[in-house]
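**Q** Take the sequences, apply the hints, and build the full model.
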Amino acid sequence: MRMVVTAAIGLVSIAAAAVAFAEPPPGAASCTGCHPSSARVSSPVRRLAGLDRDATVKAMQDFRSGQRAATVMDRIAKGFSDAEVQAIAAWFASQK
Amino acid sequence: MITSRRGFLKTGLAVSTALLPWPALAQGAGPRVVVVGGGFAGASCARALRETDARLAVTLVEPNATFTACPFSNAVIVGLRELAAQQFTYERVAADGITISRTMATGVDPQAKTVALSDGARLAYDRLVLAPGIDIRWGALPGYDEAAASSMPHAWKAGEQTLLLRRQLEAMDDGGLVVISAPANPFRCPPGPYERASLIAYYLKTKKPKSKLIVLDAKDSFSKQRLFQTAWTELYPGLLEWVPLSKGGAVTSVEPATRTFVTDFGRHEARVANVIPPQKAGRIAELAGVADRTGWCPIDPVTFESKLQPGIHVIGDAAIAGAMPKSAFAANSQAKTCAAAVAQLLHGATPSAPKLINTCYSLVAPDYGISVAGVYQPSNGQLADVPGAGGVSPQEAPRATRAAEAVLAEAWFRTITTEVFG
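As given, the protein sequences belong to chains A and B, one line each in that order.
Basically my numbering = 1-based index in the first sequence + 729.
Basically my numbering = 1-based index in the second sequence + 3.
Hints are computed from structural coordinates only; laboratory data are not their basis.
Don't take every hint at face value.
Each pair of labels, with its calculated beta carbon distance range [to be verified]:
1. B:Ala98 <-> A:Arg782: 28 to 34 Å
2. A:Lys825 <-> B:Ser224: 43 to 49 Å
3. B:Gly100 <-> A:Arg775: 28 to 34 Å
4. A:Gln796 <-> B:Gly269: 50 to 56 Å
5. A:Gln796 <-> B:Pro240: 49 to 55 Å
6. A:Lys825 <-> B:Ser256: 47 to 53 Å
7. B:Ser153 <-> A:Arg769: 36 to 42 Å
8. B:Gly110 <-> A:Ser810: 19 to 25 Å
Derived, one-sided and incomplete: chain B residues facing chain A with beta-carbon distance under 7 Å [what the hints assert, rightly or not]:
9. Ser336
10. Gly391
11. Glu413
12. Trp415
13. Thr421
Every residue, glycine too, gets a C-beta built ideally from N, C-alpha and C.
**A** Right under this line is the structure:
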């Protein structure tokens with residue numbers, strides 16, 4: 730009986746979460762100040778939505794280490810830990 | 004919007020309580036959020052609130068039908084750009100399901116949780132977000148009142164003032180003296196006075212080369228200082244003179260009739276006079292009781308909730324955001340962070356610590372851009388720089404790098420204005 734109740738609560742939570750809101754991981758909301766959220770914007774800065782998660786992680790690591798040339802991303806990448814970069818990359822990878 | 008696994012897990016905790024008070028609510032029939040001010044901060048926040056939770060009933064209070072953006076308005080002053088390129092309307096914001104109230108907020112009752120509007124109506128809210136930008140502190144600089152701004156424009160709120168300064172520059176004969184006065188910290192757009200000086204110097208060099216530009220500064224240091232000064236030496240030698248506080252740069256009064264700046268060290272009678280005056284948070288902040296004695300608004304660095312009035316959040320230039328500058332990028336970044344926190348709070352959840360970013364470009368010449376960037380997190384009740392991150396463009400860099408940053412500056416403007424208004 731207890732298991733049934735627990736399972737039911739779990740179901741309610743999942744159903745509710747699906748209609749509740751999404752919160753971007755720390756830092757992610759700021760990215761679209763420069764990286765267009767809309768595909769209609771013409772910019773040399775690439776859109777992050779839908780980008781492969783590993784590619785974003787690699788780019789951030791290379792910006793941070795200085796391996797990849799940058800204008801501002803070297804300075805910004807240094808402000809994020811590996812775990813934060815993983816979460817941000819996953820967030821954008823899940824978007825269209 | 005797609006729910007990430009992380010958001011999914013986090014919201015899962017909040018749901019059991021969140022579901023009960025308002026089950027099966029129609030779109031926009033949920034908690035009421037009123038956002039006052041339709042600039043980079045306010046419009047961003049209104050849209051982010053709706054995107055985060057479509058059940059929120061969001062009202063944006065903004066008296067103007069058109070928003071005129073300040074970033075790149077220095078290029079308008081010197082004829083490199085038209086004011087129309089700075090102007091945006093709220094159709095797309097309204098299309099997101101946001102109610103736009105074309106009124107001025109005239110008061111706030113934090114106990115009753117209502118906002119009084121200039122049309123006599125009152126708007127009830129569950130959470131209030133104030134994004135009023137700046138107001139000029141008229142009279143703080145003796146002689147500089149609203150009437151003085153018609154002969155000595157501030158052009159620090161883009162629009163008619165921007166065009167007035169432009170016309171005055173255009174009307175000036177070659178050989179004239181242009182004077183800009185820059186205020187003490189804090190003020191909107193810390194590198195702005197120096198970008199303006201740079202572009203006016205560019206205009207004088209190309210159109211009126213016998214002229215001179217003096218910047219009278221109430222400070223001894225400023226944003227991106229070495230980069231600006233290196234570029235000035237290279238691009239505008241003998242044309243642009245910066246006078247710091249320690250060399251008598253602080254303006255003690257102005258005389259609008261003769262466009263004269265008075266300092267402890269002397270008088271400068273200008274042909275074109277641009278006073279960038281002391282500022283404070285927009286008036287509604289004071290009326291709502293969220294501004295402190297500095298004139299700006301202390302906030303919680305996680306939620307942007309006022310430290311003086313619970314239930315009221317302050318974002319953008321009006322907020323005391325610690326290490327974050329008063330910039331459009333910062334305003335947009337804060338708006339999205341605040342929107343997420345407000346949604347969490349309305350669900351009875353506790354917002355987690357955010358990270359925010361700022362990037363500001365300045366043009367020293369049309370094809371010469373420089374930048375400053377920062378990453379911020381809450382620390383000891385303030386938003387603090389993340390150690391080891393951020394900083395300015397490299398001091399030594401080829402012109403191609405400066406040209407690339409000028410291109411990126413324009414791309415940034417298109418991107419952010421599309422996100423906020425497009």
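**Q** For each hint, tell me whether it holds in the structure or not.
**A** Results of checking the hints against the structure:
1. B:Ala98 <-> A:Arg782: 28 to 34 Å: holds, 31 Å
2. A:Lys825 <-> B:Ser224: 43 to 49 Å: The hint (43 to 49 Å, Cβ to Cβ) holds, given that A:Lys825 and B:Ser224 are roughly 45 Å apart.
3. B:Gly100 <-> A:Arg775: 28 to 34 Å: Since B:Gly100 and A:Arg775 have Cβ atoms about 29 Å apart, the given range 28 to 34 Å holds.
4. A:Gln796 <-> B:Gly269: 50 to 56 Å: holds, 54 Å
5. A:Gln796 <-> B:Pro240: 49 to 55 Å: Between A:Gln796 and B:Pro240, where Cβ atoms are some 38 Å apart, the hint is violated.
6. A:Lys825 <-> B:Ser256: 47 to 53 Å: violated, 58 Å
7. B:Ser153 <-> A:Arg769: 36 to 42 Å: holds, 40 Å
8. B:Gly110 <-> A:Ser810: 19 to 25 Å: violated, 44 Å
9. Ser336: The hint holds - B:Ser336 has a Cβ within 7 Å of chain A, the shortest such distance being about 4 Å.
10. Gly391: Holds. Min distance 5 Å.
11. Glu413: violated, 9 Å
12. Trp415: holds, 5 Å
13. Thr421: B:Thr421 check passes; min Cβ-Cβ to chain A is 5 Å, inside 7 Å.
Going down the numbered hints, you'll see the structure goes against 5, 6, 8, 11, while the others check out.
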